[in-house]
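*Asks:* Residue numbers (our numbering), protein chains in the order written: chain H, 1 to 677; chain W, 1 to 559.
To be clear, the hints were calculated from the coordinates, so they are not data collected in a lab.
The beta carbon of each residue, even a glycine, is placed where N, CA and C say it ideally should be.
Accuracy of the hints is not assured; some may be wrong.
Computed cross-link-like contacts, DSS-like style, restricted to lysine-lysine with a CA-CA straight-line distance of at most 30 Å [to be verified]:
1) 525(W) x 18(W)
2) 508(H) x 277(W)
3) 278(W) x 639(H)
4) 415(W) x 290(H)
5) 278(W) x 463(H)
6) 290(H) x 278(W)
7) 18(W) x 508(H)
8) 278(W) x 508(H)
9) 451(H) x 634(H)
10) 290(H) x 205(W)
11) 61(W) x 508(H)
12) 415(W) x 211(H)
13) 61(W) x 415(W)
14) 61(W) x 463(H)
15) 415(H) x 400(H)
16) 525(W) x 25(H)
17) 463(H) x 277(W)
18) 159(W) x 463(H)
19) 109(H) x 125(H)
20) 525(W) x 463(H)
Chain H is nowhere near these chain W residues, computed Cβ spacing over 12 Å in every case [unchecked claim]:
21) 411
22) 415
23) 533
24) 553
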Amino acid sequence: MVNKEKKKGLSAAAVRSAAIESFIKLNPAAMIKNPVMFVVELSTIIVLLMVVFPHYFSSQDAIGFNITVFIILMFTLLFANFAEAIAEGRGKAQANSLKRSKQEMFANKLIGGKVVVIPSTELRKGDIFIVSQGEMIPGDGEIIEGLASVDESAITGESAAVIKEAGGDFSSVTGGTRVVSDWIKVRLTSDPGQSFIDRMIALVEGAKRQKSPNEIALDTLLTSLTVIFLIVVVTLAPIANYVGVHLEIPVLIALLVCLIPTTIGGLLSAIGIAGMDRVTQFNVLAMSGKAVEAAGDINTMILDKTGTITYGNRMASDIIPVGGNELVTLAAWAAISSAQDETPEGRSVLEWMKKQSMSYDASLAQGGEFIPFKAETRMSGMDLSDGRKVRKGSVDTVRKWVLAGGGLVPPDLEKVSNHVAALGGTPLAVAVDNELLGVIYLKDTVKPGMKERFQQLREMGIKTIMCTGDNPLTAATIAKEAGVDDFIAESTPEDKITVIRREQAEGKMVAMTGDGTNDAPALAQADVGLAMNSGTIAAKEAANMIDLDSDPSKIIEVVAIGKQLLMTRGALTTFSIANDIAKYFAIIPAMFMLAIPEMGVLNIMKLGSPLSAILSALIFNAIIIPLLIPLAIKGVTYKPMSGSRLLSRNLLIYGLGGVIVPFAGIKLLDYVVRLWV
Amino acid sequence: MDILQLVIVIAVLILLVKPLGTYVYQVFANEPSRLDRLYGGTERLIFRMIGLKQRAGMSWKVYALSFVATNIILVVLSYIILSLQFALPLNPNAIGGMEPTLTFNTVISFMTNTNLQHYSGESSLSYLSQMAVIMMMMFTSAATGFSVAIAFIRGVTGKGKSVGNFFEDFVKANTRIFLPVSFVIMLVLVALQVPQTLDPTLTVKTLEGAVQQIAIGPVASLEAIKHLGTNGGGFFGANSAHPFENPSPLTNVIEILSMWALPAALPYTFGLFAKNKKQGWVIFSAMMCLFLVFLTVAFASEKVGNPAMNALGIDAAQGSMEGKEVRFGIAQSALFTTVTAAATTGSVNNMHDTLTPLGGMVPLAEMMLNVVFGGKGVGIINMLMYAILAVFICGLMVGRTPEFLQRKIEPREMKLIAIAILTHPIIILIPTAIAFMTDAGQGAISNAGYHGISQVLYEFTSSAANNGSGFEGLSDNTPFWNISTGLVMLLGRYVSMIVMLAVAGSLMEKQPVPETLGTFRTDNKLFTVLLIGTVLLIGALTFLPTVVLGPVAEYLTLR
């Protein structure tokens, strides 16, 4: 978030600190949270005891084998810890740079009209303070007076300052950001330690990481599989004993560790942390892992038209003359009126001219005085140096302006402007002095690529609903052009809640974006609410995700990240469980072959010797964890497609792969291991 | 000829699935139907007698409580009858009271639909005990299992709080399914020479002039419900191998179909409840695929015969006929064995102890999985549990919280299912290990070595799966075996039933998630494969090491 560029690979320092962390994490008190790996740790301790006190266990003959088993088990543990540490490390680096921006700050607290300078930590919710140019805002708050430009790069990474002012949707300021110009009076909205930046640090550090429901469910399954295999292995010894097969403890432990789902057990928390981290890398702050997973489950997405689906600024898409005027004349005047107009509408007129390869006499505009758009006049234009006045603006005001100047209004103006409105556009009338020349057809433009993305969403089974304040006709035109499934025209924030409740009553999960205070209830009601960082505090509090770049269309990527997180978890679980088949074929014959030579038939991999088979399986079991760390951290590749196709694809890769890979891996390891044993 | 017999029986079964499944659905859908006119009168009378005026729906908890309480009452009643049978009427052969641990074992065995018999019927039970305890329990335990399965199906397919009314289901299962169907089967069996009488044991003089005792009794009626209710406890110690229980290949086929048809029809019933017949067929196909694999192994293994015997120069053309009835041959014996273990009936028409190692492994493996059709209701419940597991593991791979039949699988369900999947290996492997560690356990084994492992493993697996067939050869009428298998049967039956009812109750209260293109589909061929894979990976791998030490080692050393 502080540096926006994607992390490339892992720095040596990160690897080093993760390696150290892997040893610290061996602490059984921490390990017990992961039952699968805890069983491995207990097994490691038992084998260690057998190595240290061989006489006590009468295991003197097998000391070499036992040491090897101990080392492999130790590495299995360290690899699993390393996976988690690496995943956490990425968040830690970000947290550190955030912490730097949270140095000791002072606040100009306003007490009874007097300004008192106190440390920011002594501020309490409701306190009022003043921040002037160059000062750091000491805490999250709401502007109650003034206007200032604020540098929020500490949080968003965006270097351009943003304007914040009292009232409206841009009144919230965040602690740790800097006022670049002017001053503001702010009321504090959060106590120290609970500010946005504090929460952000806690989130990226993973300190507050709670297991999501899906993680708990998966944990339950993994734990019960572990218990089952524990029973299998413990009961095997007395049963085998009856037929004269004496199984050594390290061999039983090897079987146990190979059978319990160590691969997914070791990577599970790394997958969760990395999933959250991917969201963060994307400059979206998710309040919980649950929110990210919920994103994967979304059935319905409610999108604001303006800013999300369309650019929101209206672009000239046509110029239509009225009253028998020539298009060339009208276009030239439209261009002159926009020559110094920096609004998107103005620039789009000039672009339209360029696209149509039309030209106009630019010298006419030189030396003229530009009349900017004002809410009162609802017109903009230019007073030319030759005294002529050119205006463009809403049809109503321009008509009045022309009539006031004693001009006439062509009779077809109304027809043309109505036609433009019917198409979902906005008509802008253009007039020179008292002559009304024609109309600029302004159209809201759908962002490129949106249509394809909505199509992808549809293939993923996600329905899109567009919300807009436009009239139904305009809304329908844009909806059709963008390819959304449904739309709500003339929508109010209440409409959004109604739609969300309706969809939720059908069992659907709903995602939406918003920034205003009046969006807050809907953001809270939605299963995934993505608030814009530029939005109000209320919106940010209500949402369970905050987009630091304030780009509402990001919600689509967030869904993809949520799906990817769940898929990665499923893929590695399937892989891990499927691995058991090969491990069985390696270890079972090896265990019994000495006492029952006929068991050799089951040694279908033709592994060198029983010892080599057991060690190869155990080594494979250990090294598969670090080999899969990149996958766990990056997540499995996700392309939008239907559930059935996704399943077939992933099943082929991770299910079938999970069966085949260990056969090959163990066989290869055996070629090496048999050289020693 | 052999294979043709197998194909015909399987074909008849498949033809029975749809009509029978539809009938069962109509019985339990609680919608007005033509059946009401036929049975309504009797049922109303029964409901009035037991004071069941309002048959209000029950939550899963009340349902579970009701079926457990009903079973407890029946257990107490039966225990008293068996202990006091010497003083009760209908005891023409003057049989004495039963030993307490054997009574404990017998009562549990029949209440849990296991029918593990540590006694020999003809010499240990009076006619009253046969009818009032054994046959009564054959009906009630089957009806209990069936009711719970229906309640579970209602839960996973329905919405709200009620999984149905246990007493209504229990009565209807008897009046509309078990009583009428077993009555018909009984008549057919009687027509095919199976005895049905209350006369005492016949004493006849043989041609040599010796005196022979020929045990008879109400065999046909017991035989009918024994199979229809997947009970399996025989009138005679020799069970369906006895010529009075199963006189001909035709009665053999009738018995196979009567134990197989209802469990096989339940997936279809499930499909009807789910309003998606394909969903039912997916479950059925998974069961059938596993069944065919098992049947093939059993048949092929018995056909090849015992290599040791073949090596002696004995004609191997017939296969291994040791312990089999000549009137059934290899095909009908292998099929009976595979079906009886699949449907967890536990009746036998050949001695499983004398099956070839791999042939004997088939019933063992089927009972370990306990999902290949399965006993009254249990099979479908277990298979659906594996379906939920398959959905949970693989469903994540479509990038959504796993959902089965539009309901999300969340921690609560997984915790309950964890109990269910843990129970089966715990109650099989731990007692097996204990048996091998104690003299009381080891002492009962009649064949040392790998076969001994199979014997013990089979006994506990059969108890846990509520199958009840014995590998035999084990001297199991001792307090150790009576008590240990009694406990295993209890846990095997009730833990998973209650837990799975809880799962159904929990799923039922969830808001259904609408199906979209992104949904993980559970009604196609891919899911059938996934389901089989999950059963094998989670269910089978658990038992592999022990099975390798038992039947597999025996097979490998015999080759």
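*Asks:* Confirm or reject each hint.
*Replies:* Evaluation of the provided hints:
1. 525(W) x 18(W): Judged against 30 Å, a Cα distance of about 19 Å means the pair holds.
2. 508(H) x 277(W): 25 Å, holds
3. 278(W) x 639(H): Roughly 29 Å between the alpha carbons, so the hint for residue 278(W) and residue 639(H) holds.
4. 415(W) x 290(H): 19 Å, holds
5. 278(W) x 463(H): Distance ~27 Å between residue 278(W) and residue 463(H) Cα, so the pair holds.
6. 290(H) x 278(W): With Cα atoms ~34 Å apart, residue 290(H) and residue 278(W) exceed 30 Å; violated.
7. 18(W) x 508(H): Outside the cut-off at roughly 35 Å; violated.
8. 278(W) x 508(H): Between residue 278(W) and residue 508(H) the Cα gap is close to 24 Å, so the pair holds against 30 Å.
9. 451(H) x 634(H): Judged against 30 Å, a Cα distance of about 28 Å means the pair holds.
10. 290(H) x 205(W): Violated. Residue 290(H) to residue 205(W) sits at ~82 Å, over the 30 Å cutoff.
11. 61(W) x 508(H): 29 Å, holds
12. 415(W) x 211(H): 15 Å, holds
13. 61(W) x 415(W): Holds, at roughly 17 Å.
14. 61(W) x 463(H): 38 Å, violated
15. 415(H) x 400(H): Holds - the C-alpha atoms of residue 400(H) and residue 415(H) are around 17 Å apart, at most 30 Å.
16. 525(W) x 25(H): Between residue 525(W) and residue 25(H) the Cα gap is close to 45 Å, so the pair fails against 30 Å, i.e. violated.
17. 463(H) x 277(W): 28 Å, holds
18. 159(W) x 463(H): With Cα atoms ~25 Å apart, residue 159(W) and residue 463(H) stay inside 30 Å; holds.
19. 109(H) x 125(H): Holds - the C-alpha atoms of residue 125(H) and residue 109(H) are around 12 Å apart, at most 30 Å.
20. 525(W) x 463(H): Distance of about 27 Å is within 30 Å: holds.
21. 411: Given a closest Cβ separation of 4 Å, the condition is violated.
22. 415: 5 Å, violated
23. 533: Check fails; 7 Å does not lie beyond 12 Å.
24. 553: The claim is violated: residue 553(W) sits with its nearest Cβ about 6 Å from chain H, within 12 Å.
Consistency note: the structure conflicts with the earlier hints numbered 6, 7, 10, 14, 16, 21, 22, 23, 24.
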